[in-house]
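Chemist: Here is what each chain is made of, one letter per residue.
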Amino acid sequence: MPKDHGIGAASKRREDVRFLTGTGNYTDDINLPRQLYVHFLRSDVAHGEIRHIDTGAAEAMPGVKRVFTGKDFEGVGGLPCGWQVTDRHGQPMQEPAHPVIAQGKVRYVGEILAAVVADSRERARDAAEAIEFDIAELPAVVDMKAALAPDAPKVHDDLDGNLCYDWGFVEENRETVDAAIREAAHVTTLELVNNRLVANPMEPRVAVGDYSRADDQSTLYTTSQNPHVIRLLMGAFVLGIPEHKLRVVAPDVGGGFGSKIFHYAEEAFCTFAARQLGRPVKWTSTRSEAFMSDAHGRDHVTKIELALDADNNFTALRTETHANMGAYLSTFAPSVPTWLHGTLMAGNYKTPNIYVNVKAVFTNTVPVDAYRGAGRPEATFQLERVIDKAARELGVDPIALRRQNFVTEFPYATPVAVEYDTGDYNATMDKLEEIADIKGFAARRKESEARGKLRGLGVNAYIEACGIAPSNLVGQLGARAGLYDAATVRVNATGSISVMVGAHSHGQGHETAFPQVISEMLGIGEDQVEIVHGDTSKIPFGMGTYGSRSLAVCGSAMVRATEKVVAKAKKIAAHLLEAAEADIELRDGKFTVAGTDKEVAWGDVTLAAYVPHNYPLEDVEPGLEETAFYDPANFTYPAGAYACEVEVDPETGKVTIERFAAADDFGNVINPMIVDGQVHGGLAQGIGQALLENCAYDENGQLVSASYMDYAMPRADDVPFYTVDHSCQTPCTHNPLGVKGCGEAGAIGSPPTIVNAVIDALHSGGHKVDHIDMPLTPSRVWAAMQG
Amino acid sequence: MYAFDFEKPTSLNEAVTALQTEEAMPLGGGQTLIPSLKQRLAAPSKLVSLRGVDEIRGICRDDAGRICIGGGTTHAEVAAGVPEYPALAALAANIGDPAVRNRGTIGGSLANNDPSACYPAAALASGATIVTNTREIAADDYFEGMFMTALEEGEIITEVRFPVPEKAHYEKFEQPASRFALVGVFVAKFADGVRVAVTGASEEGVFRWSEAEAALASDFTPEAVQGLSVPAEGMIGDLHGSPEYRAHLVGVMTRRAVAAAG
Amino acid sequence: MTKVSMTVNGEAAEGEAEGRTLLVEFLREELGLTGTHVGCDTSQCGACVVHVDGRAVKACTMFALEAEGAEVRTIEGMANADGSLNVVQQAFQDHHGLQCGFCTPGMVMSAAALLDETPRPSEAEIRDYLEGNICRCTGYHNIVKAVLAASGQDAERIAAE
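Protein sequence lines correspond, in order, to chains A, B and C. For the first sequence, the UniProt record's numbering gives the first residue as 1, with consecutive numbering after it. For the second sequence, the UniProt record's numbering gives the first residue as 1, with consecutive numbering after it. For the third sequence, the UniProt record's numbering gives the first residue as 1, with consecutive numbering after it.
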């Protein structure tokens with residue numbers, strides 16, 4: 001029987017009720033008395049010198065309160081970057097200033113040139129059109145390699161060229177890897193692009209700034225995955241507001257996928273302007289605005305070489321990647337192509353020699369930062385594509401080649417600085433072969449061919465590093481923040497519990513899954529536990545939700561805090577039961593004395609804590625509330641194997657996904673229904689990247705795919721039902737729940753699987769195509785078939 | 001959006017009068033106009049909603065056996081209302097999405113003449129007549145290039161009259177993002193010949209592919225157009241497909257449309 | 001500003017609107033019914049779908065003044081009279097057909113409209129009908145299952161086939 005509550009139960013989500021009845025509370029649903037609206041005038045050129053801005057006419061327009069330009073922010077801090085990468089030569093990355101409103105130059109289409117605050121949205125926009133400005137357009141750099149040419153226009157005049165950093169990992173291994181590749185029996189080389197994407201959570205970003213002069217208190221309501229991080233960055237680095245005078249609230253948030261991690265100019269602006277004007281200031285992004293102001297994702301150009309010996313063992317791997325940073329460094333941008341990418345290049349394989357080179361480049365495009373998977377999809381994509389190509393070149397079965405090279409003994413220290421604690425890659429591959437019915441593929445291919453379609457099968461194995469991560473390690477790697485998390489477990493007098501958690505839930509279902517853990521630990525009903533998140537005035541601290549870290553890191557903090565609660569409650573129970581503390585056991589919501597029938601209910605103990613009439617006051621304080629911070633010992637390493645079958649229409653090049661199977665190892669699973677849902681969503685985003693989504697610029701830096709008219713979002717009829725399984729479970733060894741994280745896997749494992757399948761289909765039709773860059777749109781596939 | 005006055009007349013005469021104001025624009029279903037107003041790509045002084053003009057809504061048949069569709073008839077109403085012309089019903093049933101089809105109108109679509117819209121292909125291939133408050137315009141004379149038509153300022157499409165072909169089919173290859181036609185081909189076989197109209201492909205908007213028409217007139221089979229192709233020159237090239245790709249698709253969609261028309 | 005009145009979720013609603021006021025703005029800002037969402041500006045995402053005179057429409061692509069005298073139903077009016085979730089809403093919860101919840105109101109309104117027109121839709125009919133509703137979280141798997149279940153079909157079996 002499946003469990004009906006606690007860890008492992010498919011508990012229905014309690015948050016659904018408000019979302020299904022239209023009573024959620026998203027940031028745009030918040031309207032404050034006397035609220036003003038801001039419209040941002042954004043640059044329509046990719047690169048230019050601001051010669052002149054005249055806001056006089058705009059300020060005279062009806063309803064306009066104030067027009068702000070870069071000048072108003074000269075004394076204000078810039079948007080900080082939270083990660084400093086050190087290059088191959090031991091030098092820090094080049095780090096440009098990142099003003100809230102453009103100063104002197106504009107550097108991408110969409111950069112804020114001025115901000116109009118007025119008493120209605122439309123009036124603010126009307127006035128924005130009355131701003132007179134003169135921008136002398138400069139040549140833009142869009143292509144990364146062109147940006148590195150000696151005579152390329154400079155995005156930042158005060159920097160030494162457009163190279164942010166040239167990173168080598170592990171630099172000491174460079175020559176060994178070169179030698180191993182020279183001496184290899186076979187080397188497979190592939191050049192590929194990991195296409196630029198836009199995260200596109202369905203809720204566009206919103207910010208409402210408020211200020212109370214009476215107590216000098218600023219409040220920002222914002223669409224954030226991590227309100228404390230925003231409070232820290234904006235308060236300390238941009239506006240100079242101390243934490244106790246700044247409250248950041250992220251209420252219901254309509255998806256993030258990474259794009260709502262970062263601290264954005266609009267948030268700082270609304271907070272700043274509310275202080276200046278003494279009235280609330282609101283900004284609601286349109287989707288069109290989102291395309292040119294939300295941080296983009298991916299955008300890597302890579303050459304990868306895989307060396308094999310005569311027995312097809314992987315002997316070395318060398319990659320060179322150009323990673324687009326865009327025009328400025330977004331909050332965590334430098335870490336994505338380095339520490340979230342280079343460290344994963346071993347994949348699931350025991351390749352002994354690996355060298356990763358990454359050149360991060362400034363261009364006149366929207367800043368690029370983490371998007372679902374962040375670095376790990378880029379690593380997996382190149383690795384799994386080159387392995388597939390190697391299998392084809394060598395004429396061996398792609399699954400067998402992978403299995404032959406799998407890491408099989410754990411813990412395993414990779415040559416790229418991380419240690420996998422547990423895993424069983426053959427087990428997930430076995431499971432995959434079963435659920436994907438790989439044996440039945442040949443018959444299905446025949447059936448497709450009878451209908452004039454080409455059918456292909458693609459497989460993939462992936463690993464990722466989640467639960468980011470130990471603070472001392474990330475500190476060495478350049479993080480300017482710790483990456484622990486925190487939880488306060490507040491037991492109320494009658495035994496119900498409020499848990500204030502640092503993780504933020506914006507689709508992940510924490511409000512349901514976290515109580516399952518407490519219920520399991522205490523033996524009380526899930527409905528006795530509520531989760532509070534998203535408000536810096538209510539929760540102790542938190543680094544937020546990203547990198548599949550909520551349960552592994554914040555959940556662990558919650559477990560630690562609950563353990564402290566239990567320890568204290570046992571002292572109280574021992575007193576009430578007149579027994580030794582060591583003999584007290586907690587089971588099914590009751591404290592018992594081992595070996596006796598003496599018991600006291602959970603609620604009687606909690607009541608005693610708040611009504612301490614009969615209470616060990618000399619040993620124990622009244623009340624029952626504990627806080628824990630948890631800093632993990634290592635990343636977690638979810639892994640798995642995916643298979644996809646596609647049909648290609650040879651006349652049009654159109655690819656349809658016929659079957660998709662995913663076998664994942666997430667360690668222990670708290671709520672299998674939620675985990676399945678996370679995988680489904682990740683798969684659809686991976687399908688989007690592989691077949692549909694293309695954030696494209698023209699050579700002048702104009703965004704070509706600037707709305708849903710041109711940026712193809714996966715829709716219901718683009719995807720099939722998926723077959724997902726997470727029954728292979730090798731629990732994480734270093735967190736108390738044994739969990740690994742499941743949020744990103746689908747988006748990491750699916751793109752190479754799909755491309756492998758399409759290439760397989762094309763080969764079956766006699767088209768000797770080695771590679772097609774994503775997205776594999778009908779026109780690209782058709783062009784590839786033309787040779 | 002820029003501010004504008006809004007009028008919702010209940011008769012054609014009132015609508016025509018309302019549209020005489022300078023910079024007034026008619027509002028059909030608004031499914032294209034409203035998004036472009038949001039981008040401030042148009043600045044009408046007044047929008048005249050045709051939604052309340054019952055006399056230009058609905059579907060009937062004339063003495064010549066033609067289907068007469070009021071200009072204010074929604075795509076959903078056409079999809080459900082022309083069983084004797086399944087190709088037209090199917091075309092209407094696949095424009096946009098259900099919510100768009102509940103608002104968008106045939107008159108609005110034809111007046112806008114988006115180069116990737118579906119209805120222009122149906123009107124042109126069917127040899128339809130576009131009826132306005134002042135005149136009747138043959139489809140062959142109506143489409144004048146991307147977003148260009150024979151309509152004068154303030155002229156309202158009141159009805160579109162479709163002769164019903166013996167056989168017909170519309171084959172649409174969707175642009176993956178917008179779901180408009182990357183290439184759409186409407187073939188219609190009449191007793192006196194075959195008409196083939198292509199949308200989505202050309203920089204000049206919807207066009208008749210006369211070579212294919214000639215070939216199909218004598219032999220209405222996919223094989224008859226197998227060797228034919230349109231030149232890539234003049235085809236649209238964008239993120240979603242090169243001119244060569246679109247030219248290729250014109251051939252593929254035409255063959256498929258013929259095959260499906262039976 | 002013009003006075004406009006309509007029936008919203010069975011109750012008379014009155015307010016003021018400019019010509020350019022969209023129905024969704026009227027619902028959210030004038031009536032305080034914030035369940036209807038705005039996710040794009042090109043009429044594609046469907047987060048704003050409501051029913052007007054019984055048919056699904058995108059409330060971001062219709063002016064408030066066009067709804068004069070109309071019967072409008074929003075997500076706030078979908079629950080049963082006793083406040084419990086209706087069959088479509090309940091199926092979405094049972095099958096985990098939502099994550100962040102932002103697309104959900106439009107998704108539920110579209111699903112309800114589909115079931116009005118086609119009481120037992122096939123998987124393909126559901127996917128086709130939801131073409132104008134974009135979800136970024138669920139990968140659609142559980143949404144399609146929820147709609148199958150709401151129509152009384154065996155969603156588990158159909159999804160596994």
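Just to be clear, a hint being listed does not mean it is correct.
A partial selection of chain B residues facing chain A, derived with a Cβ cut-off under 8 Å [unchecked claim]: (1) 1; (2) 12; (3) 173; (4) 176; (5) 177; (6) 178; (7) 239; (8) 240; (9) 241; (10) 242; (11) 245; (12) 249.
Within a straight-line C-alpha distance of at most 25 Å, the following computed PhoX-like cross-link-like pairs (lysine-lysine) qualify [as the list claims (entries may be wrong)]: (13) 38/B - 65/A; (14) 71/A - 446/A; (15) 3/C - 46/B; (16) 8/B - 38/B; (17) 3/C - 8/B; (18) 571/A - 598/A; (19) 568/A - 538/A; (20) 167/B - 3/C; (21) 590/A - 571/A; (22) 350/A - 303/A; (23) 71/A - 105/A; (24) 570/A - 590/A.
In short, the hints are calculated from the structure, not lab data. Glycine included, C-beta positions come from ideal geometry on N, C-alpha and C.
Chemist: Compare the structure with each hint and give your call.
Modeler: Taking the hints in turn, this is what the structure says about them:
1. 1: holds (7 Å)
2. 12: With a minimum Cβ separation of about 32 Å from chain A (threshold 8 Å), the hint on residue 12/B is violated.
3. 173: holds (6 Å)
4. 176: Constraint on residue 176/B satisfied, holds at 4 Å.
5. 177: holds (4 Å)
6. 178: Cβ of residue 178/B sits 4 Å from chain A, so the hint holds.
7. 239: holds (5 Å)
8. 240: holds (6 Å)
9. 241: At about 4 Å, which falls below the 8 Å cut-off, the nearest Cβ of chain A leaves the hint on residue 241/B intact, so it holds.
10. 242: Hint holds; residue 242/B Cβ to chain A Cβ min 6 Å, cut 8 Å.
11. 245: holds (4 Å)
12. 249: holds (6 Å)
13. 38/B - 65/A: Distance of about 23 Å is within 25 Å: holds.
14. 71/A - 446/A: violated (68 Å)
15. 3/C - 46/B: holds (17 Å)
16. 8/B - 38/B: Holds. Residue 8/B to residue 38/B sits at ~20 Å (cutoff 25 Å).
17. 3/C - 8/B: Since the Cα atoms of residue 3/C and residue 8/B sit roughly 14 Å apart, the hinted pair holds (cutoff 25 Å).
18. 571/A - 598/A: Holds. Residue 571/A to residue 598/A sits at ~15 Å (cutoff 25 Å).
19. 568/A - 538/A: Holds - the C-alpha atoms of residue 538/A and residue 568/A are around 23 Å apart, at most 25 Å.
20. 167/B - 3/C: violated (51 Å)
21. 590/A - 571/A: Between residue 590/A and residue 571/A the Cα gap is close to 14 Å, so the pair holds against 25 Å.
22. 350/A - 303/A: Between residue 350/A and residue 303/A the Cα gap is close to 20 Å, so the pair holds against 25 Å.
23. 71/A - 105/A: Holds: residue 71/A and residue 105/A sit about 12 Å apart, inside 25 Å.
24. 570/A - 590/A: Roughly 10 Å separates the two Cα atoms, so the pair holds.
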